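*Asks:* These protein sequence lines map, in sequence, to chains Y and B.
Under our numbering, the residues of the first sequence are numbered 3 to 197, in order.
Under our numbering, the residues of the second sequence are numbered 3 to 197, in order.
In case anyone wonders, no lab produced these hints; they're calculated from the structure.
Here the structure is a predicted model, which means the values were calculated and not measured.
Check the hints yourself; a few may be wrong.
DEER-style ranges, computed between Cβ atoms [unchecked claim]: (1) P118(B) x A182(Y): 19 to 25 Å; (2) Y23(B) x T186(Y): 38 to 44 Å; (3) E38(B) x N143(Y): 23 to 29 Å; (4) R195(B) x V146(Y): 57 to 63 Å.
Quick reminder that beta carbons are idealized off the backbone N, C-alpha and C, glycines included.
2 protein chains.
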Amino acid sequence: MEENLIEKLIGAFMSLSGVGYKTAQRYAYQILDEDEEVANNLASSIIEVKSKIKICKECGNFSSSDLCDICKTRKSKIICVVKEPKDINCIEKVKNFDCVYHVLHGCISPLDNKGPDDIRIKELLSRVSTNNYEEVIVATNPDVQGEATAMYIAKILKPLGIKVTRLAQGISMGSELEYADEVTLSRAIEARREL
Amino acid sequence: MEENLIEKLIGAFMSLSGVGYKTAQRYAYQILDEDEEVANNLASSIIEVKSKIKICKECGNFSSSDLCDICKTRKSKIICVVKEPKDINCIEKVKNFDCVYHVLHGCISPLDNKGPDDIRIKELLSRVSTNNYEEVIVATNPDVQGEATAMYIAKILKPLGIKVTRLAQGISMGSELEYADEVTLSRAIEARREL
């Protein structure tokens with residue numbers, strides 16, 4: 003009996019990505035060792051987040067009300083398209099840059115059977131058509147799926163006469179040329195700027 | 003508001019050992035993406051384990067009743083002393099070896115202010131005095147704390163005329179001499195056996 007309860011908890015932890023049996027076992031035994039409060043806090047946070055957080059009608063970010071805080075308060079002519087809600091946090095860390103967001107909840111990926119209709123591109127199109135945005139920045143990841151999605155978005159939005167941009171690619175701040183891969187370097191050379 | 007609920011869940015995940023902000027964030031956003039069922043299963047398993055699992059009166063293993071399954075069903079003259087409940091699983095994997103267990107819930111560690119009175123050594127002493135055990139195998143980890151604990155247990159049990167043994171130390175099965183550290187090698191040489 004006791005084995006089963008602990009094994010059930012280990013199994014539940016293993017449903018988290020990147021958590022194998024050993025890690026799940028460590029978490030489970032830690033929960034057993036921990037104060038009641040810590041365990042209850044984790045359990046109640048999980049339930050609370052699942053029951054209260056929904057998706058913002060406007061941008062697709064996670065939100066506890068119909069509109070998220072950003073859509074409620076911010077007016078901007080620039081809309082930044084990201085793959086996932088957590089990407090919003092990354093861009094929000096950049097100071098002095100104000101934009102509203104659109105979360106796609108995925109990227110186009112034919113290998114995973116994900117086409118344009120499976121992500122929130124229709125919603126983006128209708129937002130752009132009905133609002134007066136000046137620019138759409140596509141901030142999907144610089145990988146194959148992200149690039150394909152960016153291309154697709156540019157293709158459908160450009161006929162509407164809207165400016166579509168993409169985050170610049172190049173070598174990162176503080177890195178060394180020696181460790182930059184060839185594609186990154188070639189893009190950095192292509193996009194070189196005059197000083 | 004929505005930030006706070008998600009941040010609270012991230013904070014709750016960070017209370018697990020070895021989980022930093024990025025990992026906790028990954029878990030939290032996965033919980034948000036996951037089916038209700040997966041999240042509820044994790045939350046309810048945590049609560050269930052915390053409310054139903056207690057410590058076996060006899061051996062100190064985790065158990066849902068006063069006596070754990072092993073203490074209830076197994077009669078053995080050999081008692082195996084381990085540091086933590088999960089160590090029991092490891093030894094149970096060895097077939098053809100029947101023993102009962104005693105969980106210390108820690109090891110002697112002066113640096114962490116943990117003396118013999120802070121772990122379940124008194125309980126071991128009273129079990130050994132009142133029962134008719136033939137042998138105590140000390141299966142604490144082969145590190146400084148585990149060794150110190152083994153020494154201490156041997157010192158207090160030997161006067162009672164009971165055989166106290168320690169798991170053999172040497173090179174592990176399938177490893178290479180080249181990668182064995184000096185202490186392990188020297189112990190393996192000391193404890194060499196005739197073929």
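*Asks:* Which of the numbered hints above does this structure break?
*Replies:* 1 and 2
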